[in-house]
Each structure stands twice: as structure tokens, then as C-alpha cells.
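Chains as they are written, first to last, in the numbering used here: chain A, 4 to 365; chain B, 4 to 365; chain C, 4 to 365; chain D, 4 to 365.
Please keep in mind that the hints were generated in silico from the structure rather than gathered at the bench.
Take these hints with a grain of salt, some might be off.
Heads up, the list lumps identical chains together, so a pair's fine if it works in one copy or across two of them.
With a straight-line cut-off of 20 Å between C-alpha atoms, the simulated SDA-like cross-links for lysine to any residue are [as the list claims (entries may be wrong)]: (1) Lys195 with Met184; (2) Lys77 with Gly118; (3) Lys88 with Ser68; (4) Lys195 with Pro45; (5) Lys314 with Glu363; (6) Lys56 with Glu265; (7) Lys88 with Arg66; (8) Lys273 with Asn321; (9) Lys272 with Asn75; (10) Lys280 with Asp171; (11) Lys90 with Asn75; (12) Lys182 with Phe101; (13) Lys145 with Ile119; (14) Lys88 with Gln54; (15) Lys90 with Tyr163; (16) Lys182 with Ala257; (17) Lys88 with Asn75; (18) Lys273 with Val323; (19) Lys145 with Phe318; (20) Lys272 with Thr37; (21) Lys145 with Asn62; (22) Lys273 with Ala257; (23) Lys195 with Gly320; (24) Lys314 with Ile172.
Protein chains: 4
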Amino acid sequence: MSSSFGTLFRVTTFGESHGLGIGAVVDGCPPKITLDETDIQPQLDRRRPAQSKLTTPRNEADRVSIFSGVENGKTLGTPISLIIKNKDQRVEDYRQIFSVPRPSHADYTYQIKYGIRARSGGGRSSARETAGRVAAGAIAEKFLYEDYGIEIVAWVSAVYSIVAPALDITQITRRDVDKSMVRCPDPLAAEKMEDFILEARNAGDSVGGIITCVCRNLPAGLGEPVFDKAEAILAQAMLSIPATKGFEIGSGFAGSRMRGSEHNDVFLKKGDRLGTKTNYSGGVQGGITNGEPIIFRVAFKPPATISLPQKTADFDGNDVVLEAGGRHDPCVVPRAVPIVESMAALVIADFALRQKMREEVL
Amino acid sequence: MSSSFGTLFRVTTFGESHGLGIGAVVDGCPPKITLDETDIQPQLDRRRPAQSKLTTPRNEADRVSIFSGVENGKTLGTPISLIIKNKDQRVEDYRQIFSVPRPSHADYTYQIKYGIRARSGGGRSSARETAGRVAAGAIAEKFLYEDYGIEIVAWVSAVYSIVAPALDITQITRRDVDKSMVRCPDPLAAEKMEDFILEARNAGDSVGGIITCVCRNLPAGLGEPVFDKAEAILAQAMLSIPATKGFEIGSGFAGSRMRGSEHNDVFLKKGDRLGTKTNYSGGVQGGITNGEPIIFRVAFKPPATISLPQKTADFDGNDVVLEAGGRHDPCVVPRAVPIVESMAALVIADFALRQKMREEVL
Amino acid sequence: MSSSFGTLFRVTTFGESHGLGIGAVVDGCPPKITLDETDIQPQLDRRRPAQSKLTTPRNEADRVSIFSGVENGKTLGTPISLIIKNKDQRVEDYRQIFSVPRPSHADYTYQIKYGIRARSGGGRSSARETAGRVAAGAIAEKFLYEDYGIEIVAWVSAVYSIVAPALDITQITRRDVDKSMVRCPDPLAAEKMEDFILEARNAGDSVGGIITCVCRNLPAGLGEPVFDKAEAILAQAMLSIPATKGFEIGSGFAGSRMRGSEHNDVFLKKGDRLGTKTNYSGGVQGGITNGEPIIFRVAFKPPATISLPQKTADFDGNDVVLEAGGRHDPCVVPRAVPIVESMAALVIADFALRQKMREEVL
Amino acid sequence: MSSSFGTLFRVTTFGESHGLGIGAVVDGCPPKITLDETDIQPQLDRRRPAQSKLTTPRNEADRVSIFSGVENGKTLGTPISLIIKNKDQRVEDYRQIFSVPRPSHADYTYQIKYGIRARSGGGRSSARETAGRVAAGAIAEKFLYEDYGIEIVAWVSAVYSIVAPALDITQITRRDVDKSMVRCPDPLAAEKMEDFILEARNAGDSVGGIITCVCRNLPAGLGEPVFDKAEAILAQAMLSIPATKGFEIGSGFAGSRMRGSEHNDVFLKKGDRLGTKTNYSGGVQGGITNGEPIIFRVAFKPPATISLPQKTADFDGNDVVLEAGGRHDPCVVPRAVPIVESMAALVIADFALRQKMREEVL
């Protein structure tokens, strides 16, 4: 049941990287939302491979079909199932390396856990699994935007040591983000990042990066106390994305190097609501949204698949030199932007439904 | 149900900061484990207030009683309930500030969420709630140590900008950690940290810090794919602790500034198992433990309660100057060490039980 | 985690029959409900032992304390914990029979399941555990009555082969039910039932019976499709009560002996809502309430503890004659009436909260 | 999330009666089980429409495809997704009756619950949804048979007032059951039942019936105390099947008319285990299996769709005479036999995995 996420707005994903395809079931989506495939496909297109020279050449159109839960363009309130067929799987690419667990991949751990594993590619551990999440997340986004006006925008804020300058989180749009292949809205930084990624690719290597995400127009009161705090479930959601190594919200790690008198977000009147002067809290206090934007950052390691030869060991412990097959991204962050947005949407949609139980109904 | 955590080894906490007391129910603890209060009290003593001049003076002995689930010193496999009575609650300290939401506290968000809140202290949002987690975590630790030999040790690795030097994570013990009040095993750093915290307290201010935690002797194969990856559930667990703003595992945010050829943990034979030469992965690959130590870091912000006057707004949006009542810690990390350890233990115990479903039974 | 029940209105019970006491945690109860112990105690008094000559003489006052979640007589929306101390446990009564599993008790199955069991009485399998449910159910009832006007009334409709005549389910009240010790609202049947139970007790034997329950004033639309149908979760709830062997709703087993043309509940206008002419459905269609009363029946077997000697086997398979110690009820149905009501209330409260996620909010 | 069932062996179904198709995802199935479509199809064939003159003429081959989770004929331990396409949906059959809620159908309750509903057939409330359960259940059965030798056999024990005589539950097989179209192993009763059903069909009417199910070779110790007792989860599972009105286990309702001295199942040695002389308990004590066969009965009402005209009301409360369109079964029990078996298998598979957490591992 670890392939399911959420309490009331609940997604279950299925499918292996090199099997027939992948998919998702969304159970708990509210009824009467206008929905068809064109609401979902754009985010899948932003996640799909072979979209630019920065990404893996594996060529998947990632066309989504809504198999159930929608009739005449409206959600029924019943489980929405989504199917994305694999087209360009290449089982044979992986044959020669089956006896050698790829360093920093899940080959070894899946084999130990299950006593068996998919013979080609990463199976469920492949980032391909996230297409199901992105499809589901697009539905969550539609609900959040229509019912609450919530907007979620993520972008690449760092690649290796190239860091984009701070920007106005109240204004940034996906259009701004998509102006560059690398999905960094700062043109200068974007150019440097792209050059650096291509250089790494040419060297047979890979590089890490950071994604920043903002969620705007949230009502105060979302998130559940104690174990299901908004930041806690966001952290789970983000660290469940392949290749992630860190999460921080608001002031984050930098907040540990601050004094309370600097860090405290004092209140002030903002129109008809109470807002805060600063936002070191990142939009949450005590695990519950306060009406300010949620702002968080996610660290991605460099992809484990590289072309450079690696001295490692096979399953029996014998020394081997591995030269990797398979196709891969030299840096995951450009394609991970819609994944981060989708997981954020799934988290917030669930909190929105959970908060309804405390509200007066009409 | 957000006061419950875990799938098979499941803890539910209850109780408010200034009510009759707090407690926890642990459902799913294996039967026939030797257990009495003396297994639990030591970690509570490490978490209790008034343990040193670095902590809040609120004087709570935090004596735990096992109310059910244990008979003649053995767990029955039934729910273990744990009760800790409040002794030094001071409801009146909070009267005057009830109309002013304390900056960076949960007063405002709880009020919006529920339309009501505890009139004294933080209620459920208070760190006092974590005493229940620590009591439950001590039971998880006992199970993990007896059945798997797992050891979990956390320590303060930074206070404000004072950073302790790296240490040998394979050797560090709680005894090393407890040599200083601040729970930093490096004596020089510890001294500086303590001075800095006392200085902040005297100035009516507070400071943040970082806790590092290592989990040793884990078998490979723990953690569940996709949404319940080990790092994802650890991240949720850590970000559910009050005052946390960030989590990173293995290389963490620094990993985003690395190349794949540096970051990959190549395999080599270690005795009768396959190990890795480096541990940038932090003990997990694809969300599943690989047999190397889990190593992670948690960022804590400075406590929100400070004595310095703060210009803020009351619930109606009127400008006010708040001078805080209540007792508080100038820095939470010394007392948060056992909380981090306990949450890690709860996560790992649950994964250990979940993995059993895939194993051959006798 | 099998000691928890419900998705949003969630109760967790704890405690053994002959330990320090029993209790419950209710997580998810809406905030701002007026609540104190006097709302809970009456149902506990209807469930308590030693309330009449028809029940076990074990003398437990079953005084409940609210330990958390309520402040100044209002629920906070946080976990409500409830404690009931045991007073009259008699551990020594069970010493001699520890090596002999009592026929039709859970002694044998708990021993096999856990490899250990409570040395006295039934531990968690004892009906004493249900006091926690009744306390939690009283809170659910208060919420349902105040927010929806929902009324839940159960009564004894059969003891052994003595069957009470049909009655007007739209009118019956708990006051009617409590007019007789046996909790059958028909005076003639009640008298016969009481005589029969006393006769069985004097003979050292026990007898079974049936409880019928009606839930009135439910809005249409409660209950969740497919696996969490209203009748399915009610069935789970009822079969989770000790000593139950059957559940039927509406026409029940008799419905299997009917034709569709008789059984179909045709619609007709009832005031401003659509109602049904008959109610063979028992208030639910497709798992969802239709606005008619829910009506269901629960079968209870005769209690397993009897004074008559029984030829059975000990744990090693040796023939023994068991003469039971311990105190017990000759028939459980009089005391099970509030248990049935409480479980029904927990089920409906959870459905009410779950339905809110589909409703427009103010 | 009400379309999911189970804690560790967890099935999620999706799909509407007259949409593209239906399906299921099984998450938590153990790895390394030999599995392909031929393991699943036979139970789907026993459930499919148009299999005999006793069933609906809707012609669905119900061919299942395994879309994920299996590679080279072995389960991977990852989610197994199953797809069954609809072929003979007839949307137009339902056009004329959309404004009239069919009596004793879920048309009215779904409309109220969701404010929208599938325009054709029952959508998710249709028994067609159970094809996904049957496919999932066939996988559970394979696991249970291979790992434990568990056998599950259900049969039609009553149609209307025609009751089959008792039979030897230790011997009955599916082959015996399938000797007659009606799936009653007693030839005389089967003939009478078939005649009666055809008579009802010819009269434009429908009839109810009862299914009995036995589960053999279960180990003692399965089932979880308190709320997830084996009988409680079986009751939920069975009452979640469309058209069910009652459930009883062991002595059932008849047990309420017995004395303890008759009803108690005394122990005796059976080979190397402790067994019981009688089995009024139905294989469970205190919610946990005792090693004797589980035996239970499920009551089905007559199908709501009949051809006879019905005086009822439309959604606005106006009197109408409804003459039903759509195709339907005159009696559901022959096709419900594999559904009952599948739900039982899902319940037991989940309990088997849950019990593993308490067992010593190799």
C-alpha cells in the first residue's frame, strides 16, 4: 500500500518503467469538476523525456487516457483511472548489467527487499513512475484552482553551484519558468545552467540541482496538527520523488543560524485578513497554513546513471568495471519541476478536503 | 487521526500542554518484549524541562506510567497506553495574551482552523506533546535493539553559526552526547554553544540549531517504495517535530552541488554482505535501506517565544506590542535530541514490521 | 492498529479486563461541541456490570474521566482521551484455569496469535474493552444529535426463542427500552425474557439473544460506495462486538425469501424530500443512506462462561473437566444495548464527516 | 478512498458499468508468486454475464489483462494492475429513465451524495464493479493456496424458500458446485432453484437467495483483535457486495436461540493440534481463527431491476409508472458465488500478511 498517497484525495500509482505502461487511480476527487485529457496532458508534456537536448532521448509521448471516473466531461466523484502506455521501452539495454547492481540505484535494495526485481531499468524505482503522479496532480491542481484560486509554481533555482538570484514569488508564473529549457526564470542563470548540464553530459557525467516551489492563495487553516503537519506531509511528498536528498520550508537550514528576534514573523493587517510582515515560516505555523505563500526548496542529487566507467562490485562481491547502458538525464531538475508541483498539489488537495470536515456546511 | 503515526507499529498521542497531562497509545508493538517504566524514563529525562540552565524552568518530572498492554513485565501485543501527568501547568500565565496571537506560534492558525483553541500555552502545538512520542519511541528502540541490534544516536551538530566538526558516526554513543548540557559531543564546540545560548537567553532572545542523527546496524531492505520511502517517512517524522524547518539525508543539499561521478556510492564486499565505499546516499537507495548507516540532519528554527518586546497585531488587526509570558527554552536542540531519536525509532520499527510480510516465516 | 476504528472520526481503545483500567482516544471529533463527563456517564451506566440481577456481579462503577481534548466544557478539535479505572479486578480467580483454554473463549486463539496472553480474564478479548467504545460513542451521539438531530435507539428483540412483537420504530425511545431490566420495550416479552435468563443463571447456564437498532433522522447521502458502504461498516462494527454471530439490515435474511416486486421500495413524496413507501432496504441503497431510518439486527450467542462442568482439553491436549471461575453475565444482550448504539454512532459520525468533503462550505 | 480494501494486501477497484471498462490495482501482493492471466480468468468466467440462461444477457467476455506488477510470469511485489474492457455497454438503454430513480437502486442516493451520477446503468453501484474484485481475489487465492494450502468454496444454499440440505463442508469442491447452472451442489435442490428462477424471469420478476461459504486449512491465529476481528472484516467484505442484506458466521442467528452448554465448542486433540468438537464458533474465537473451518452465510435480496411496471415517483416527486430498461439477472446468487469467494480470499490474504509481523523470521 506504499503506492498510495493521501487520506481523502488519494492517489495510487502502478506500472513499471519497461512494462506495458504506467498509470494512476485518483479516489476522492470531488464530483462535478470539468475534466478531460487536455487538463492533464500539459503537465505530462513538461515532464516527458526527449523534450529538449537537456533530457534523456527515450522517446515517450506519454499520452494519457482517462479510463474511468469522468462522464461527459465531468468528474463523477468516483475513482478516476489514468493510463499512459509505454512506447519506447528497451528491455535489451539492461540485459548485460543485470548481475551488477548500479551504484546509487535501487537495483541492490529492491533485490534484497523482494528477492526479485524487474529485469529492465528501475521498474518501480524509475522516475518513470512519476508520470502517474503528474497526471493525478494535474487533477488536484484543477480542483484547487477552481475552488480556491490556488496557484502552484516551481522552478529550477540551482544547478550544481550555479544559483539563480531571488525573484518575486508573488508574481512568477509557469510561463516565466518555461522560457528556458532548464526551467530557471532568470535568463542569465538559465544560460549558465544549460551550458553546464551539456558539458556534464558530454563528459559522460551528471549533476545535481535545487527546485524552489511556491503555493499561493491558500486559505489559512489547511494542514493537520502533530504528525500530518503541512510541512511534514510536503516533506514526505518531496522526499518520495526519486533522487531527492533534502527539503526545507521557509527559512529552512538558514533558519538554524538565526535569532528568534529576527526570525519571528510578526502579524499585521493585510486587507481583511491577518498577515505576517516577513515569511520565514514559509506559510505554515504549527503545521497549519497561515494564509501567506508556502515556499519550499527540494535538493536533487546528480542522476546515478552516468557513462563514465565505475569500479564497483557485482552481486557476488566480485570487482567489476561498470559502463552503464540505458538512456538517462544528465540532470533531473528541469523535468522534475512539474513533479514537484504535482506532489504539492496532491498534498494541498488532501488538506483542503480534510479541513472541510470542520466547516459549517450550507 | 493526524495524531497517529505508523502503519503497523502505530502511535497515537493525546493531551494538551496545560491540561491534566499527556500520553500515548502504541498499537502494534510485538508481544513478549520485556518492558517496564525504567525502559522509558531515561529518554523522557533527557527530554524533560528544567534539566539544565539551558532549558525552560517549567518543572515537570514527566514520570511515565504504563497503563495497559504489559503484564508481569512483558508486552502482550495489545495496545500499550502511557500516561504522563502535568504538574507545573500555569494557566494564568497566558490570560493576558489570549487576544494576541504570538508571532511564529500556532495561536493564529489553530484559531482559524478550529474556531477555538486552548486558552493556555500551545495546547497540542506545544512541544510538550512530544513527551508522548518520546515515551513511545523508547519502546520502539527497545524492540529494534533486541531484535536487530539497531542503535540510534542523535546529537547537536550546530547552534546558530557554531558548527561542530565531523565525527566518527560508527562509534558515537549517547554517553558521548550527554557529556555536555548542550548535547554536542565535541567539547570545544559544546562550550561555545552553551555560552552562546546563555547569552541569547540573557538578551531575552532565542537561537536555532541543527541535530544530526545516525541509525546503525539496520538490515538492508527496510523502507517501502514510491510514497513511503524510508527518507520520505523520516522527513515527515522530523518535520512533524515542532520548530523544524528542514531535513536532509546523506549528501543532502550539498549533494545538489555534486557530479554523479563523485556522488555515486560504488559497491564493495564488506564481510559477507555488499556495502558501499562512500555513503552519500545516507543508507538508503530507492527509498530502501542498503545496510549502511542512515545519516540525516534536521534544522530547528529559534524558539518563537522570546522576552524581547515585539510589534505585532492582535486578532482584530490592531497594532500591539507583545511582551511574552510563559516559560520557554532559549534553544530547543539540546532537548530535541531524544525527540529526533524517538521519531527515527518509530519510523524504523514500522518499516521492520512491514518488511516481515515479505519474509519466510519459521 | 486493529484497536482503532473510523477514518475521520476515529476511536482507539486500550486496556485489559484485569489491568489498571481501560480507555479510549477519540481523534477527529469536531471542535466547539459542549461536552463533559455527564454526557458520557449515562451510557456507561447502562453498560456497567452489577446493574441488575440479570448481569455479572463484578462491581465496577465505570466512572469516566476526560483527560484531554476538552477545555472549559468545549471540545478543542484535538484528541479526546477518556480513562476508566478498573476497581474490582480479581486476578486470582483465573489462576487455576490458566492452563485450560476456556471453550468458545479467546484464550486459545490469543495464545496462538501472540505466544502470550493476559493471565487473568480475557484481557483485550473481554467485553470490558467495550466500555471505551461506549464512552467514545456517547461523544459521537452528542455530535450527531446536535448537528443533525440523529437519534439512535437499540433494544432487546429476542432472548433465546422469546421474540418481542414488532413495534413502531419511529417512536421508540431509550426511556421505553429502559423500563425493563432486560431492555425489551414490550412488557410481556420482557417479563418472560427475564424469567428465562434467571432460570438459565440458576441452572449454571447462559442464553443468546438479538438486539434491534434504529437510527432516525439521518440525512440522505451518508455512507461511501464500494467497500465502505454504510451496511458494510455497520456490519463490521457490530461483528466487532464480542459474542456476536450475525448482522442483518432491512429485510435481512428474510429478504432472500422475497420477490423483487415485493421487496422494491418505491419512491413517493414525503414533505420536501423523496421517501420510500416501504423500507425493506433498511435505510440504505447502494451503501448510501436514503433518508429513511436505518434498521438492523444483531445476533448474540450465549456467553461462553458457564458454571456447568465442561469436558474439554487443556493446552497439551489432555482431557480435563473445566468448572469455570470468574464472574459473568448469563445473557449479554441487556448490557449490549448501549454498545450497539455506540458502535452505530461511531459509524454514522464518521460517515457524516466524510460526506462533508463533498459539500459546499460557507 | 472507499474503493480500496485491505491493510497490507490492498485492492483498489475502478471503472463504471457503462464506461470504457473496469479494473483493479492490487498493492502488497507478495513477490515471486507464479501468476498470469490464466490464474485469474476462470473466476471471472464464473462471474461473467451471459454464462447461462439464468443470467443477464449482457454479453461481456470479461477478458482480463495484467498491465503491471508481473514480469516473466512472476509477481514483482509491486502493484499488480488489472484491466477488463467493457464491450457491450448500452448507454442508450438508460436515457429514458434518467429522471426516475429506480426503486431500491442507488440512483437516488448517488444523486444526493454527489450531485451528479453516471447517466447509464449503475456506474460504480453496478455489480459490474465486482469483476475487479474477482480478478484481485483470484490472486489472493493463489497466494493462500500456495503458501498455506487454504481452500475457499462457496455455493448457493437457498433460492427464495428452496433450501439445499446440509452437506459435508470438509469435502465440497468448486467442481461439485459448478455441476449445476445455479451453483447449488445438491442436484434436487438445484433443479428446483433453476425452475423457480426461470419462472420468476418469465414473470418479469426477480428472487433472492443465500450463499454459504467455507474456508478450509487456515492456520490458527489469523484475524486481529477488537475492531478488525476476522468475522467483522468478513462481514464488511460481504455486506460490501451489491444486493446483500445479511451475514452470519458459525451458529449465526440460530446461535441466539441456544444455551451456552449447547453452543460451547469444547476442545479435543486433533492430530498435533488442538481442535474443537463442534464448530458453532464458525472457525473464529475472539475474532481470531482457531484452525477449524470458517463457515459463513450471506443473504442476497432479489435484484431491484424487474420488468414488471412499478408505481413510483420521479426525482421531483411526481407519480410515474416505471417500466425498466437495461438487462439484468433474475437472481444474483449463481454469479455471486465467485464474488463471495474472492472477497473471502482478500480478507484472509490480508490477515495472513498482518500476522507475519508477529512471527519469527528465518
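Evaluated hints:
| no. | hint | result |
| --- | --- | --- |
| 1 | Lys195 with Met184 | within (12 Å within a copy, 47 Å between copies) |
| 2 | Lys77 with Gly118 | between (43 Å within a copy, 11 Å between copies) |
| 3 | Lys88 with Ser68 | both (9 Å within a copy, 14 Å between copies) |
| 4 | Lys195 with Pro45 | neither (26 Å within a copy, 53 Å between copies) |
| 5 | Lys314 with Glu363 | neither (63 Å within a copy, 34 Å between copies) |
| 6 | Lys56 with Glu265 | neither (44 Å within a copy, 23 Å between copies) |
| 7 | Lys88 with Arg66 | both (7 Å within a copy, 19 Å between copies) |
| 8 | Lys273 with Asn321 | between (65 Å within a copy, 11 Å between copies) |
| 9 | Lys272 with Asn75 | neither (45 Å within a copy, 30 Å between copies) |
| 10 | Lys280 with Asp171 | within (15 Å within a copy, 43 Å between copies) |
| 11 | Lys90 with Asn75 | between (28 Å within a copy, 19 Å between copies) |
| 12 | Lys182 with Phe101 | neither (40 Å within a copy, 49 Å between copies) |
| 13 | Lys145 with Ile119 | between (39 Å within a copy, 18 Å between copies) |
| 14 | Lys88 with Gln54 | within (17 Å within a copy, 32 Å between copies) |
| 15 | Lys90 with Tyr163 | neither (32 Å within a copy, 52 Å between copies) |
| 16 | Lys182 with Ala257 | neither (30 Å within a copy, 27 Å between copies) |
| 17 | Lys88 with Asn75 | between (23 Å within a copy, 19 Å between copies) |
| 18 | Lys273 with Val323 | between (63 Å within a copy, 15 Å between copies) |
| 19 | Lys145 with Phe318 | neither (46 Å within a copy, 31 Å between copies) |
| 20 | Lys272 with Thr37 | neither (36 Å within a copy, 32 Å between copies) |
| 21 | Lys145 with Asn62 | neither (27 Å within a copy, 37 Å between copies) |
| 22 | Lys273 with Ala257 | neither (27 Å within a copy, 37 Å between copies) |
| 23 | Lys195 with Gly320 | neither (41 Å within a copy, 46 Å between copies) |
| 24 | Lys314 with Ile172 | neither (44 Å within a copy, 25 Å between copies) |
Of the hints listed earlier, those the structure fails to meet are numbers 4, 5, 6, 9, 12, 15, 16, 19, 20, 21, 22, 23, 24, in rising order.
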